[in-house]
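Student: Here the protein sequences come in this chain order: A and B. Taking this note's numbering, the leading residue of the first sequence gets 1, the next gets one more, and so forth. Taking this note's numbering, the leading residue of the second sequence gets 1, the next gets one more, and so forth.
Any given hint might turn out to be false.
Stated by the list, open to error - Computed cross-link-like contacts, DSSO-like style, restricted to lysine-lysine with a CA-CA straight-line distance of at most 30 angstroms:
| no. | chain 1 | residue 1 | chain 2 | residue 2 |
| --- | --- | --- | --- | --- |
| 1 | A | K94 | B | K380 |
| 2 | A | K106 | B | K206 |
| 3 | A | K160 | B | K497 |
| 4 | B | K497 | A | K147 |
| 5 | A | K160 | B | K380 |
| 6 | B | K345 | B | K206 |
| 7 | B | K284 | B | K189 |
To be verified - Label pairs and their computed distance ranges (CB to CB):
| no. | chain 1 | residue 1 | chain 2 | residue 2 | range |
| --- | --- | --- | --- | --- | --- |
| 8 | A | V19 | B | I388 | 23 to 33 angstroms |
| 9 | A | T62 | B | V39 | 41 to 51 angstroms |
| 10 | A | I8 | B | Y384 | 28 to 38 angstroms |
Unchecked claim - Covered, in the sense of this in silico footprint (three residues per stretch, anywhere, with C-beta under 8 angstroms from a C-beta of chain A), are these stretches of chain B:
| no. | region |
| --- | --- |
| 11 | 453-465 |
| 12 | 503-510 |
Calculated directly from the structure, the hints in this document are not laboratory data. Because the structure is a prediction, the values reported are computed rather than measured. Yeah, the Cβ is synthetic: ideal placement off N, Cα and C, and Gly gets one too.
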Amino acid sequence: MLDSFQNIVVSSFPNILEVEFKYINRKYLKVILINITFVYLSLLAAVFFLEYKNILGLEEVTFWLFLFITILFIYTIFIKIIGFKRRKFLVREKDISYKKGVFYKKITTVPFNRIQHVEIDQGPISRFFNLASLSVFTAGDSSDDLKVNGLLKDEAQQIKEYISNQIDG
Amino acid sequence: MVSKSSFSQFSKQSKKGIIIIYLDILYKIIKALWVLVFVFIQNFSKTLDNNLSYIYFYLGFFFIFLLLIAFLKYHYFQFKIENNYFILKKGIIKKTNTSIPFDRIQNINFKQNIIQQIINVYEVNIETAGSSKAEISIKALSYEQANALKKTITINDKCNNYIWELDDDNKPNTINNPEIFVEQKPLLKISVMQLLKVSLTENHLKSLLLLLAILFGFYQQITELFNGFGEGELLDNYISENTTNFETNIVLIFILGLLFILVSVISSFVRVFLRHFNLTVYIKNNALEIYQGLTTKKSFILKKEKVQHITVSDNPIKRQLGISFITFKQALSGNVKKKQDKIIKLVGCGQDQVLAIKNLLFSNEKFENFTKNYSSYYFKVRLYLRSIIFLIIINSVLYFIFKYNFVFWINILLLPIFIISIELTFKKRFYLFTNDTLLIGSGTIETHKTYLPFYKVQNVKLKQTFFQSTQNIIDIVFQTASGKIVIPCIREDEAFKIYNYTLFMVENNKYSWM
Chain A
1 MLDSFQNIVV SSFPNILEVE FKYINRKYLK VILINITFVY LSLLAAVFFL
51 EYKNILGLEE VTFWLFLFIT ILFIYTIFIK IIGFKRRKFL VREKDISYKK
101 GVFYKKITTV PFNRIQHVEI DQGPISRFFN LASLSVFTAG DSSDDLKVNG
151 LLKDEAQQIK EYISNQIDG
Chain B
1 MVSKSSFSQF SKQSKKGIII IYLDILYKII KALWVLVFVF IQNFSKTLDN
51 NLSYIYFYLG FFFIFLLLIA FLKYHYFQFK IENNYFILKK GIIKKTNTSI
101 PFDRIQNINF KQNIIQQIIN VYEVNIETAG SSKAEISIKA LSYEQANALK
151 KTITINDKCN NYIWELDDDN KPNTINNPEI FVEQKPLLKI SVMQLLKVSL
201 TENHLKSLLL LLAILFGFYQ QITELFNGFG EGELLDNYIS ENTTNFETNI
251 VLIFILGLLF ILVSVISSFV RVFLRHFNLT VYIKNNALEI YQGLTTKKSF
301 ILKKEKVQHI TVSDNPIKRQ LGISFITFKQ ALSGNVKKKQ DKIIKLVGCG
351 QDQVLAIKNL LFSNEKFENF TKNYSSYYFK VRLYLRSIIF LIIINSVLYF
401 IFKYNFVFWI NILLLPIFII SIELTFKKRF YLFTNDTLLI GSGTIETHKT
451 YLPFYKVQNV KLKQTFFQST QNIIDIVFQT ASGKIVIPCI REDEAFKIYN
501 YTLFMVENNK YSWM
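I would like the entire structure built from these sequences, with the hints used as guidance.
Tutor: See the structure below:
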């Protein structure tokens, strides 16, 4: 009986886990924090509104609701700040990778020759900081492909052009 | 024959197509409004006589109006072929123009339902791997037209230089094309007896679930209607009255259980016979030709390079009978709803056929020579933890419904089921790989072996929870054009090797993935 790992005879191919990944732009942390704060404030407003109009009869639990939302808010901010350092990406000669996660780590690599199209988009807050996100799509159920948030607009544009050249060439 | 329909000019469907389109419209309307129709018929007797003629008049007008629509739909549905593009324009008010390059065409399938069989026209489906908008269905073509269309497209498709024909019995035609079609024994031909064996050994639980899903759909439609009439409570009362009776009557539950088993056996029986009746498979020019179906006859050509991965499955009883089934997964388009159509299943394959298909797709790779690598012990721990949570939920839900300690006895039944299925799931999970192809074993009662060539992978992922990282264990996920394949909980160093190797294979392969 043979060991499957004997099939890996080429020893010279690049090991992605030894390559240093790049950090995304520091300004993106601000975008994340602003976004979370915005969601938090709208939740607060919703609870205030419910209490004021007394729609659901929530008087007794309102305090706990506020507390719960606030704890959730602080927890999310905490996780995002820690996790921000773990958001890294890497563009190699033939593929693009992204990794993230503190308690749930994830790393994805998409080879260029499987990419169907590349997209750059900018949210309103990202636009203010001149940031953009880069998404690549492969065939099939594309919901689970790769998206790098928090790149400088120019950098995203460069990567997009690089990938497009690689696909066509 | 070919000169008559070379498709350089815009051509329409067969004239009989109007009937098909008309019935299709009617079917869609009835499907959407069947409850209303039902109510209407029920109240029909109550309507006054002088109103009756009005109703007949409007109904008649309505049906003639639909006929007009069908005619217009037929009239504006035109297609042609130009510069290796298939061009289709259709639509009465909203006009659409679709053009598909030949090399994007994944499959051309013929299909005949009962009505199409009676008036002798073929439905031609052109499948692409692109967006769902590019899926084209031509409802009614004469046999000559259908074949000519297929011929034109397949001749021009560069990776596909063979021709095939169908005669009326859905068998390859040897008369029209003697020099091209070589008389050949089918790889697989399923007789009624074999089909009987297959259907009896199906996963009946799955058939039952499918049936329940359909019934649930009906139930929802009915409740919606009753709610619309403000009679929702009535229905709920009726149902809860009956369910309280069930609770007290164990005998009834027992009978119901037997009935369920019977129903599920019958439903898998019907399902298998409808879909796979007279299943015949030929291997030709690196492709599989498949013919099957009872009321709706279907035929496809499955090109070797379009198959993303295959799964060979059996269960304990099927293994005793020496039969297994093979599932072929092709690239999916964006439309997830149509997923089922792209999964082609060959039931009742014997050892030889499985071997032949494996050889066709993976050219004599010797999977047997490699030792199986198993998932880490952590995988079992994870399964146990998940089932414990699931059990707690079941128990508390049951307790809150019945408020009676007696319900905890259900654990005596559930625990062994959970333990056995976890142990089996763990035992059947393995992976190994040859130079080019990954083989993954899975299953609980059924045994599945999935063969995935490395170069078909679209992207790879590694996932690790906090608990996994303390054990140096990781999940590896392969995303293909036809779905995800996971190897759960393997050692980090092995996963890294596979990760790098997969990327190397994908980035340096010379074949196209479809």
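Student: Evaluate each hint against the coordinates.
Tutor: Verification of the supplied hints:
no.	hint	in the structure
1	A:K94 <-> B:K380	violated (37 angstroms)
2	A:K106 <-> B:K206	violated (33 angstroms)
3	A:K160 <-> B:K497	holds (29 angstroms)
4	B:K497 <-> A:K147	holds (24 angstroms)
5	A:K160 <-> B:K380	violated (43 angstroms)
6	B:K345 <-> B:K206	holds (15 angstroms)
7	B:K284 <-> B:K189	holds (15 angstroms)
8	A:V19 <-> B:I388: 23 to 33 angstroms	violated (40 angstroms)
9	A:T62 <-> B:V39: 41 to 51 angstroms	holds (46 angstroms)
10	A:I8 <-> B:Y384: 28 to 38 angstroms	holds (33 angstroms)
11	453-465	holds (count 9)
12	503-510	holds (count 4)
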